[in-house]
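Peer 1: Okay, here's what each chain looks like letter by letter:
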Amino acid sequence: LKYFLGALLKLYYIYLLIISNPKKLRRYITKKAAGYLHDPSSQNNQNNVVKVATVQIKARLYKNIYKYMDDMLRWVVLAKNNKCQFIALPEYHTLQLLGLLPGIGKQDSMGSKTDHNSSPSVLDILKYIAPIIERIYVTLFSTLAKLFDIYIMAGSTVVVEDERLFNCGYLFDNEGNTLGKQRKVHLMPMEMEWGLGRSNDITVCQTGIGCISFPICMDATYYETFRIASLKGADIVVIPIANAEEYNHWKALRGTWPRVQESWVYGIKSAMVGTLLGFTFSGKASIYAPIELTRNKDGIIAESKEPFSEDIIYGYLDINKIRQYKTQALQYLPFITDVLIGKRL
Amino acid sequence: MNSIRLACAQIKLENTKNWADIKDEILDIVRFCSTNKTDIIILPSFIFFYLSGGYNNTIQDFFNIYNHRKALEVKDMYLTYIQKLCKKYGVIICPGNLWEYHEGGIRNCSYIIDERGQTIGNQAQTHINIWEKQLNFTGSSCINVIKTEKCNIGILMGCDCWVPELGRILSLSGANILIGLNYLLWKNYNYQLSGIWQQVQQNQVFAAEVMPSGRLFGLKLYGCPSIYGPCEITQGQTGIIAKQSYNDTQGIITAQIDFNKREELIEKYDILKCLNPSLYNKYFPHIYGYGKGNDN
Chain E
1 LKYFLGALLK
11 LYYIYLLIIS
21 NPKKLRRYIT
31 KKAAGYLHDP
41 SSQNNQNNVV
51 KVATVQIKAR
61 LYKNIYKYMD
71 DMLRWVVLAK
81 NNKCQFIALP
91 EYHTLQLLGL
101 LPGIGKQDSM
111 GSKTDHNSSP
121 SVLDILKYIA
131 PIIERIYVTL
141 FSTLAKLFDI
151 YIMAGSTVVV
161 EDERLFNCGY
171 LFDNEGNTLG
181 KQRKVHLMPM
191 EMEWGLGRSN
201 DITVCQTGIG
211 CISFPICMDA
221 TYYETFRIAS
231 LKGADIVVIP
241 IANAEEYNHW
251 KALRGTWPRV
261 QESWVYGIKS
271 AMVGTLLGFT
281 FSGKASIYAP
291 IELTRNKDGI
301 IAESKEPFSE
311 DIIYGYLDIN
321 KIRQYKTQAL
331 QYLPFITDVL
341 IGKRL
Chain X
1 MNSIRLACAQ
11 IKLENTKNWA
21 DIKDEILDIV
31 RFCSTNKTDI
41 IILPSFIFFY
51 LSGGYNNTIQ
61 DFFNIYNHRK
71 ALEVKDMYLT
81 YIQKLCKKYG
91 VIICPGNLWE
101 YHEGGIRNCS
111 YIIDERGQTI
121 GNQAQTHINI
131 WEKQLNFTGS
141 SCINVIKTEK
151 CNIGILMGCD
161 CWVPELGRIL
171 SLSGANILIG
181 LNYLLWKNYN
191 YQLSGIWQQV
201 QQNQVFAAEV
211 MPSGRLFGLK
221 LYGCPSIYGP
231 CEITQGQTGI
241 IAKQSYNDTQ
251 GIITAQIDFN
261 KREELIEKYD
271 ILKCLNPSLY
281 NKYFPHIYGY
291 GKGNDN
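The listed protein sequences correspond, in order, to chains E and X. For the first sequence, the working numbering begins at 1 and goes up steadily by one. For the second sequence, the working numbering begins at 1 and goes up steadily by one.
Warning: the hint list may mix true and false statements.
Unchecked claim - Pairs of lysine-lysine residues, derived as DSSO-like cross-links and limited to a Cα-Cα distance of at most 30 Å, are as follows:
id, chain 1, residue 1, chain 2, residue 2
1, E, 297, X, 133
2, E, 58, X, 268
3, E, 251, X, 150
4, E, 321, X, 150
5, X, 220, E, 321
6, X, 273, E, 127
7, E, 305, X, 282
8, E, 251, E, 51
9, E, 297, X, 187
10, X, 273, E, 232
11, X, 273, E, 251
12, X, 261, E, 251
13, X, 282, E, 326
14, X, 282, E, 181
15, E, 127, X, 268
Claimed, not checked - Derived DEER-like restraints, expressed as beta-carbon distance ranges:
id, chain 1, residue 1, chain 2, residue 2, range
16, X, 246, E, 47, 48 to 58 Å
17, X, 218, E, 190, 47 to 57 Å
18, X, 266, E, 294, 26 to 36 Å
19, E, 131, X, 285, 30 to 40 Å
20, X, 246, E, 250, 18 to 28 Å
Hints listed in this document are in silico derivations from the structure and should not be mistaken for laboratory results. A virtual CB, placed ideally from N, CA and C, is assigned to each residue, including glycine.
Using the sequences and the accompanying hints, generate a full structural model.
Peer 2: Here is the structure:
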C-alpha cells in the first residue's frame with residue numbers, strides 16, 4: 001500500500017507539473033490580459049510621487065489554476081486602471097492553491113493536530129506542493145508586472161530551499177524581473193511548529209519608485225525589522241499579512257503603524273481575510289506614513305473600512321518628503337546604537 | 001497577590017502658582033494615594049522649576065539663574081522633600097525630572113525614591129532633540145533597570161519614549177514597569193500610542209506615562225497621563241488600563257497592575273522568545289550579541 005501511495009503521489013506530481021507549465025500559463029495570462037491593455041499611457045513618477053495600491057483578498061480554495069490567475073489579474077487591472085505604479089498582495093495567498101490537492105478541502109484545519117499517524121504532516125503537504133505553487137506564483141506575477149508595467153510585491157508563498165521550507169515574498173519590477181526575495185525573519189509559533197525556517201537578512205531593493213523592503217507579517221511586531229530596513233535605505237516597507245485571529249483595532253495597531261512612526265518610512269499592509277483550512281483571517285489593507293506627514297495627523301494615508309471583505313485601496317507616497325523627514329529625524333535623534341557601534345549602517 | 005497599585009499625577013503648571021502651592025498639591029496627591037494603598041506614585045516633569053524661581057522667566061533668563069550651584073540646591077531641596085514624603089507615607093515616588101549640570105552640559109534626570117526615603121536609582125535622558133541640543137543638553141549612554149522590592153523599573157525621559165531600542169534593552173534586562181516622563185505640545189493621542197503604548201506592546205510590560213499640563217516658557221502643554229499594559233490583559237484589549245482625559249488638566253489616575261496576568265500571557269505567547277538575534281547581531285553586533293531569542 002505504501003509503495004502504491006508513493007507511486008500515486010509521484011504521478012500526481014507529474015500532473016501538477018504539466019498543468020503548471022510556465023509557457024502554458026504565460027500564454028493564458030497574456031491572452032487574458034490583452035483585453036485590459038487598452039491604456040498604454042504609463043503614469044510617470046512625477047516629482048517622485050508614487051501611486052500605490054494594496055489588496056485585501058478573501059481566501060478560498062482554488063481547484064483550478066486559471067480561476068486563481070483570473071482573480072489575481074483582476075487586482076492588477078484594478079490597480080493599473082487607477083494609475084498605480086505598485087501593488088501589494090497578502091501573505092500566504094498562494095495557499096489558496098492547495099485546492100489543487102484532492103481532498104484538501106475536507107481537512108478540517110492545518111492547525112489542528114491529528115491523531116492519525118498515517119495523515120501527512122503540514123510540513124509534508126507544503127513541501128510536496130511548494131515548488132508547484134512557487135512556479136505558478138513567479139510565472140503569474142512576473143508576467144503581470146511586465147504586461148501592465150507595474151511593480152508587484154506579490155505577497156508571500158511557501159518555498160523550499162536547501163530542503164527547508166520558508167515563507168517567502170518576491171518583488172517584481174515593471175519589466176517582470178525578480179528584484180528580490182525576502183524570507184520571513186520572525187516566525188509565528190505555528191510556523192515553528194510546522195517546521196519552517198527563517199531568514200537572517202533584510203532585503204532592500206532599489207527601484208524606479210523608491211527603495212522597497214518587504215518583510216512578512218510577524219516581522220512587523222519587531223521594531224528591529226523596520227529599523228534595519230530603514231537604515232539600509234528603505235523608503236517604503238511592505239508588510240503582507242495573514243493574521244489568523246479575530247480583528248481587534250488595538251491589536252492591529254501593534255504592527256506596521258507604529259513601526260512606520262519609529263523608523264520614518266511609508267508602510268503598506270496587504271491582508272488576507274476570510275476562512276481557509278480551518279483558519280479565520282482578518283485585517284485591514286492600509287497605507288501608513290509618519291503622523292506629521294498625514295492630513296489628519298493620524299499616520300494613515302488610506303485604510304480599508306472593513307477587516308473581513310475583499311478590498312483594494314490606493315494612496316500617494318511622496319518619496320522626496322519621506323527622505324527629507326528621515327534625514328531630519330536621524331539628525332535630531334541619533335541612536336543609542338550609534339553610541340555603541342560608532343557608525344550607522 | 002503579585003500585584004501593585006500605580007498612580008500617575010498630572011499637575012498644571014501655571015504662573016499663578018508658587019512652590020508652596022505645588023508642595024501642597026504634591027502632599028494632597030501623596031495623601032490621597034496613601035489612603036488608596038498605592039505603591040508607586042509618578043509625578044510629572046518640570047515641578048522643580050518652582051524651586052528654581054524661574055517659572056515666570058524666559059528660557060534664557062531661566063538659565064541665567066539656574067547655574068551649577070542653583071541646580072544642586074534645587075535638587076537637594078526637591079529630593080529631600082520627596083524623600084520625607086516617601087518615608088512618612090510608605091510609598092515609592094518617581095518625582096518627575098531635574099535638570100543637572102554634568103561634564104559641561106545639562107542632563108535631564110529622574111530618580112526613584114523608595115518607601116524608606118532612600119534614593120535607589122536614577123536615569124538620565126539618552127536621546128536629545130534639537131531644542132534640547134540648542135540648550136546644551138547632553139544624552140547619557142547608560143540605561144538601567146532600577147530594582148525595588150515590588151517591581152523592576154525602567155525610566156524613559158523626553159524623546160526616549162519614542163526610541164524602541166530603550167524599551168527593548170530595559171525589558172530584556174528584566175524591567176516589568178516602564179515610566180515615561182515627557183511633555184507634549186500637541187493634542188494628539190496618536191503620539192502617545194506611537195511611543196510608550198507601543199513599547200509596552202512589543203515588550204509585554206506595564207507602563208505609566210506622565211506629563212504636565214498648563215504652560216511652560218509660553219508653550220501650551222497637552223497629553224493624557226496613562227497606564228498601559230499588553231492588549232491581551234487589559235479590558236477591551238485596548239492596552240490602556242487607565243487614562244486621564246484631555247479636559248482634566250489636573251488629577252490622579254490609579255490602577256492595579258497584576259504581574260501574574262503578565263506571566264500567564266508570556267507563558268502562552270512570549271514575544272521576546274521569537275526575537276531573531278542572528279539577524280540583529282549582523283547589523284547591531286554590540287547590542288544583540290547575547291540576545292534572549294531562540295535562534296534555530
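Peer 1: Taking the hints in turn, state whether each one holds.
Peer 2: Structure-based check of all given hints:
Restraint check for residue 297 of chain E and residue 133 of chain X: satisfied, since their Cα atoms lie roughly 26 Å apart, inside the 30 Å limit. About 29 Å separates the Cα atoms of residue 58 of chain E and residue 268 of chain X, which keeps this hinted pair within 30 Å; it holds. With a C-alpha separation of about 29 Å, the suggested pairing of residue 251 of chain E with residue 150 of chain X holds against the 30 Å cut-off. Between the alpha carbons of residue 321 of chain E and residue 150 of chain X the distance comes to roughly 47 Å, so the proposed pair goes past 30 Å and is violated.
Between residue 220 of chain X and residue 321 of chain E, the direct Cα distance comes to roughly 28 Å. Compliance with the 30 Å bound is thereby established for this hinted pair. Note on residue 273 of chain X and residue 127 of chain E: the hinted pairing holds, with a Cα-Cα distance of about 26 Å set against a maximum of 30 Å. Note on residue 305 of chain E and residue 282 of chain X: the hinted pairing is violated, with a Cα-Cα distance of about 39 Å set against a maximum of 30 Å. Restraint check: the Cα-Cα separation between residue 251 of chain E and residue 51 of chain E comes to about 28 Å, which is no more than 30 Å; the hinted pair holds.
Note on residue 297 of chain E and residue 187 of chain X: the hinted pairing holds, with a Cα-Cα distance of about 10 Å set against a maximum of 30 Å. Restraint check: the Cα-Cα separation between residue 273 of chain X and residue 232 of chain E comes to about 25 Å, which is no more than 30 Å; the hinted pair holds. For the given pair, residue 273 of chain X sits about 19 Å from residue 251 of chain E by alpha-carbon distance, which is consistent with the 30 Å threshold. This hinted pair checks out: residue 261 of chain X and residue 251 of chain E have alpha carbons roughly 17 Å apart, not beyond 30 Å.
Restraint check for residue 282 of chain X and residue 326 of chain E: the C-alpha separation of about 23 Å stays at or below 30 Å, so the hint holds. Taking the CA atoms of residue 282 of chain X and residue 181 of chain E, the gap is about 18 Å. The hint holds against a cut of 30 Å. Distance check on the hinted pair: residue 127 of chain E and residue 268 of chain X sit about 28 Å apart at the alpha-carbon level, within 30 Å; holds. The hinted range of 48 to 58 Å is not satisfied by residue 246 of chain X and residue 47 of chain E, whose Cβ atoms lie roughly 38 Å apart.
The hinted window of 47 to 57 Å between residue 218 of chain X and residue 190 of chain E holds, with their beta carbons roughly 54 Å apart. Range check, residue 266 of chain X to residue 294 of chain E: Cβ separation about 34 Å, and the 26 to 36 Å hint holds. Evaluation of the 30 to 40 Å hint for residue 131 of chain E and residue 285 of chain X yields a pass: the beta carbon distance comes to about 36 Å. At about 19 Å, the CB distance of residue 246 of chain X to residue 250 of chain E agrees with the hint of 18 to 28 Å.
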